[in-house]
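Work out the full structure, taking the sequences as your base and the hints as a guide.
Adding 8 to a residue's 1-based position in the sequence shown gives its number in our numbering.
A hint or two may mislead.
[Unchecked claim] Pairs of lysine-lysine residues, derived as DSS-like cross-links and limited to a Cα-Cα distance of at most 30 Å, are as follows:
id, residue 1, residue 2
1, K192, K182
2, K182, K213
3, K77, K192
4, K59, K77
5, K183, K213
6, K77, K169
7, K192, K213
8, K169, K209
9, K213, K169
10, K169, K192
11, K209, K192
12, K62, K77
13, K182, K209
14, K183, K209
15, K77, K213
[To be verified] Quick list of the computed label-pair ranges, beta carbon to beta carbon:
id, residue 1, residue 2, range
16, I64, V197, 33 to 41 Å
17, K182, R86, 27 to 35 Å
18, K77, R224, 23 to 31 Å
19, R223, T191, 31 to 39 Å
20, Q201, A56, 14 to 22 Å
21, A26, K183, 26 to 34 Å
22, Q75, N198, 36 to 44 Å
If you're looking for bench data, these hints aren't it; they were derived computationally from the structure. These figures come from a predicted structure and were not determined experimentally. All residues carry an ideal CB built from backbone N, CA and C; glycine is no exception.
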Amino acid sequence: MAVMEAPCSSSVMLRDFACEQNFLSQPDGSASFVHGDTSVYAGVYGPAEVKVSKEIYDRATLEVLIQPKVGLPGVRERSQEQCVRETCEASLLLSLHPRSSLTLVLQVLHDDGSLLSCLLNAACMSLMDAGLHMSCLFCGVTCAIDADGQIITDPTAAQEKESRALMTFAIDSKKHNVLMTSTKGSFSVNELQQCIAVSQKASEKLFQFYRDSVRRRYSKNL
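Quick look at the structure:
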């Protein structure tokens, strides 16, 4: 899939983001990720032994668990788990760990919009921290379309509430292909293509942030 041309009228504006890796002692890899006031913790456990009932002979079994800020996981969390799992399975080299399990636990600390993209970014950074082999990195970008048809990248919760359409894309780091799409609301095919193009453009900023974040971490350790 070729990288689409972003419409001139849409500027890619992202809230400030921050990340910290390897800050939890129990998981094999961990990361926190912040988009504005939206924040998530992620922890990866494994490769480890897997229950016989869940064993897959030629690759690892990946389980994704999302814990909301309060209460028990519901339908929304189950849908988000599926989106994150599909994205991780598209990038992880699970065949290197047959008959084993990987568990990715994501804890929502605060949701002020673009939560699914924040979950995806926290997941990718924690997988990197765990040292798992991946065919590519990935990032999440959320776009909202307001009543006037304007595209808003990385919308806040208030902007999401006022939008008529909301889309989140998982973008790969190699060719900026779309690995996963989650949509809600009404939109045209042209608007979908515009949002993909804007998300591909925004992903460049996120992947640069990944590189800078990892570079800072290892320069401190030298």
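Handout entry: 30 Å limit on alpha-carbon distance, applied to hinted pair K183 and K209
Key = holds, 12 Å
Practice task
For I64 and V197, compare the CB-CB distance with the range 33 to 41 Å and indicate the outcome.
Solution key: holds, 36 Å
Exercise for the section: Starting from K169, check that the Cα of K192 is at most 30 Å away, please. Expected result: Roughly 12 Å separates the two Cα atoms, so the pair holds.
Problem - K77 paired with K169 [C-alpha distance capped at 30 Å] - result: holds, 19 Å
Practice task
Compare the distance between the alpha carbons of K169 and K209 with 30 Å, and conclude whether the hinted pair is satisfied.
Solution key: holds, 24 Å
Practice task
Quickly compare the C-alpha distance for K192 and K213 to 30 Å and report which way the hint goes.
Solution key: Roughly 25 Å between the alpha carbons, so the hint for K192 and K213 holds.
Exercise for the section: Evaluate the given range 31 to 39 Å for the C-beta pair formed by R223 and T191. Expected result: 34 Å Cβ-Cβ, so the 31 to 39 Å window holds.
Practice task
Compare the distance between the alpha carbons of K213 and K169 with 30 Å, and conclude whether the hinted pair is satisfied.
Solution key: Holds: K213 and K169 sit about 25 Å apart, inside 30 Å.
Problem - Holds or violated: K59 to K77, with C-alpha atoms at most 30 Å apart - result: holds, 29 Å
Problem - Proposed proximity, K213 with K183 (alpha carbon, max 30 Å) - result: Cα-Cα ~14 Å, so holds.
Problem - C-beta pair K77, R224: status relative to the range 23 to 31 Å that was hinted - result: holds, 28 Å
Handout entry: Hint consistency between K62 and K77 [alpha-carbon to alpha-carbon, up to 30 Å]
Key = holds, 28 Å
Hint 20 from the list above is the single one not met by this structure.
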